[in-house]
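*Asks:* Chain residues, written in single-letter form:
2 protein chains.
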Amino acid sequence: MEPAQAMIKTKLPKGFTSNSVNCGVRKYRPDLGIISSEVDMVVAGVFTKNEGRAAPVKYCQSILPSDRIRHIITNSGQANSATGNRGIEDNLELVQHTASTYGCLPEQVVISSTGVIGVPLEMKKLKRGINELHDRKSKSANSFALAIMTTDLIPKSVYKDIELSEGKVRLTGVCKGSGMIHPNMATMLGYVFTDITLTPESAQRYVRDIADKSFNMISVDGETSTNDSFFLAANGQSGLTLNDPEDERIFLEAFEEISIFMAKSIAADGEGATKLIEVQLKGHNDLERAREAARGITNSPLIKTAIHGEDPNWGRIYSRLGQFGVPEEMMNRLNLSIQGVPIVKSGQPIPLDYYKMKTRFTEDVIKIELDFCSGDIQTVAWGCDLSKKYIDINTEYN
Amino acid sequence: MEPAQAMIKTKLPKGFTSNSVNCGVRKYRPDLGIISSEVDMVVAGVFTKNEGRAAPVKYCQSILPSDRIRHIITNSGQANSATGNRGIEDNLELVQHTASTYGCLPEQVVISSTGVIGVPLEMKKLKRGINELHDRKSKSANSFALAIMTTDLIPKSVYKDIELSEGKVRLTGVCKGSGMIHPNMATMLGYVFTDITLTPESAQRYVRDIADKSFNMISVDGETSTNDSFFLAANGQSGLTLNDPEDERIFLEAFEEISIFMAKSIAADGEGATKLIEVQLKGHNDLERAREAARGITNSPLIKTAIHGEDPNWGRIYSRLGQFGVPEEMMNRLNLSIQGVPIVKSGQPIPLDYYKMKTRFTEDVIKIELDFCSGDIQTVAWGCDLSKKYIDINTEYN
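Going down the list, the sequences are from chains A and B.
Just so we're aligned: 196 in the working numbering is position 196 of the first sequence, and the numbers increase by one with no gaps anywhere.
Just so we're aligned: 233 in the working numbering is position 233 of the second sequence, and the numbers increase by one with no gaps anywhere.
It is possible that some hints are incorrect.
As the list makes no split between identical chains, a pair holds if one copy fits it or if it spans any two.
Below, a list of computed lysine-lysine pairs in the BS3-like style, where the Cα atoms sit at most 27 Å apart [said to hold, decoys possible]:
hint, residue 1, residue 2
1, K345, K49
2, K389, K358
3, K14, K282
4, K27, K358
5, K389, K345
6, K282, K139
7, K356, K27
8, K345, K11
9, K58, K345
10, K11, K124
11, K388, K264
12, K358, K139
13, K160, K27
14, K58, K367
15, K213, K127
16, K282, K160
17, K27, K125
18, K213, K27
19, K11, K58
20, K389, K9
21, K139, K388
22, K358, K160
23, K11, K139
To be clear, the hints were calculated from the coordinates, so they are not data collected in a lab.
Computed from a prediction, not measured in an experiment: that's the story for all the values here.
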């Protein structure tokens with residue numbers, strides 16, 4: 001797996017091309033991108049559970065899963081959310097304009113948007129941008145990754161080649177964070193492109209399962225955006241299928257690995273973040289509540305500020321567990337370790353060398369391990385610390 | 001109603017005395033306080049729903065409601081939470097020491113604690129402090145209000161005299177915030193003392209009802225403490241009862257007024273707060289979900305930072321409603337006003353003069369009005385903005 005570095009191209013699978021332009025909504029950087037397939041592709045997606053779904057989300061939900069998609073277009077800077085009926089019309093107009101520019105049907109175009117909520121799309125600029133996009137093509141995902149960024153500091157893309165029984169397949173992932181991130185899904189946009197052959201039904205099942213283990217387990221600020229979307233796109237251009245169960249296992253393992261890698265990269269690049277927080281929870285007896293407990297920690301402002309201050313204030317972790325997902329009898333069995341150092345054993349605090357512990361908090365990744373000794377359920381959640389920079393970004397962003 | 005000012009004494013009702021000392025847990029300021037009644041009093045309480053309840057909370061829940069309480073003792077600086085079996089024993093020892101010092105039974109002593117979680121109580125200092133407390137008495141609540149503060153900037157106490165059909169009654173409230181505030185209950189400690197006569201059953205009913213409209217509707221940071229407690233203490237020394245329904249109405253109105261006043265004062269004095277946020281919600285059809293929606297706004301980090309930045313970024317309010325408590329069909333009927341200026345009408349955004357709106361955000365209280373035009377349910381929630389000071393306080397506090 002090759003994480004994106006400034007000088008490393010994130011290669012797309014066979015039959016995919018991509019590009020981006022600055023259409024003028026944002027000042028300089030690319031703000032409109034497209035990924036296209038030479039042939040019809042299967043696309044499935046999972047979307048925000050926010051009841052105020054943005055226009056592009058409603059549109060995607062109405063056409064996906066589908067086995068005849070050609071283009072996925074994405075604009076950044078304006079979310080086309082809380083834009084009322086006009087937003088629905090604008091969204092459709094963009095889809096139609098893309099279809100006529102690229103010579104396909106509107107229902108072959110998938111669209112996603114991210115940015116400020118409550119302002120109408122700047123249609124003239126976007127339409128001009130689509131015309132401009134049409135004349136350029138690239139075989140890497142890098143410029144698309146750049147175009148979908150909002151407050152992200154790092155463009156996020158990754159690819160992995162896997163060996164199946166009858167040949168090679170590639171998976172390429174692209175995503176963006178970095179505020180309003182508490183997916184259920186966050187605006188988190190995520191895309192995985194592959195040249196395997198999938199049916200719409202299997203693509204839909206895969207994308208839902210993997211979302212629950214990756215993007216749905218991260219939190220930057222506990223805010224669920226109106227635009228969260230995670231897509232799996234498969235164009236079959238490798239000529240291979242997943243009919244062999246062992247091939248399916250290998251593919252899903254790679255899909256999960258790439259998705260967790262992207263999810264962690266969003267958490268680590270959360271607005272103002274300086275540290276990645278990883279919560280490894282086991283010994284619970286209920287998956288939903290276990291996830292709630294793990295995510296309760298990653299979205300606790302008091303824990304996030306303590307970690308930012310490199311202060312091993314573990315009492316805040318204890319309190320947060322009691323607020324979310326952990327009944328009292330389990331609290332009494334809790335084993336808690338931070339950075340590998342045992343802090344609580346069977347619900348009882350272990351005397352702690354505060355200053356020794358404090359030095360462990362200077363590390364870039366803070367790992368919190370929880371064992372409730374009450375069942376077989378385990379889960380992992382990721383988040384980031386809360387710094388003054390988050391306040392800066394969000395008092396000024398618009 | 002007389003809010004506490006530096007130079008105004010917060011008078012206690014008949015038959016109550018109070019005092020506080022610095023016992024040495026904190027550096028200078030009072031950290032141990034007591035309020036006593038000359039005669040047995042009725043005390044009822046509501047407590048945190050955090051599953052990791054602190055030792056004093058477990059103890060109070062085991063003895064309340066009761067009609068024979070004499071003393072309410074409170075220490076600040078150490079929460080006696082996540083302290084395991086030792087915490088339970090320490091708590092009991094403090095109760096017993098108070099009882100023997102004051103010449104009553106242990107079950108006549110109520111106790112609450114607030115401060116750092118996960119450190120054992122400094123018992124020697126506390127016991128010496130209790131001895132010292134015994135030799136002093138005051139008829140005002142001011143020094144008790146000072147003793148229970150943690151990161152509060154302002155001691156919070158208030159009293160109100162009401163005229164019932166057969167005479168006068170006084171209600172005196174004392175409380176503290178100011179982080180880990182998202183009661184269900186927050187460490188939020190609240191006390192209302194009165195000289196009316198109540199039964200344990202009516203006191204319990206009153207305190208639960210009023211908590212739901214006051215302390216349970218504030219949020220500073222979405223954290224539910226392990227120590228939240230709200231007590232109603234009635235010693236009957238006015239010689240009056242609430243047998244007349246009109247008297248009961250007047251009493252409850254005053255109890256609610258005082259409790260909301262205290263709850264708002266906690267929100268306004270939240271850690272790092274510079275503005276009070278008030279969300280007035282109506283037209284919902286479900287009280288639980290309406291409260292969830294209103295509180296979803298007051299604990300949204302993105303809304304709190306926008307308000308801190310005096311930025312009328314209303315799209316964040318829209319998004320948050322869709323995340324918590326408001327189904328899509330209600331989102332489509334939403335009328336939203338901020339500072340009296342209509343922003344959304346029937347789910348559609350109204351063109352906004354951004355710079356004119358921005359000047360309204362410079363005010364100290366930001367009022368958000370929501371009408372879902374879907375029912376008769378209304379509710380109010382209070383919170384505060386999120387500033388860099390919150391980060392400062394919580395990266396350093398311990």
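*Asks:* Are there hints from earlier that the structure breaks, and if so, what are their numbers?
*Replies:* Those not satisfied are hints 3, 5, 6, 8, 10, 12, 13, 14, 15, 16, 18, 19, 20, 21 and 22.
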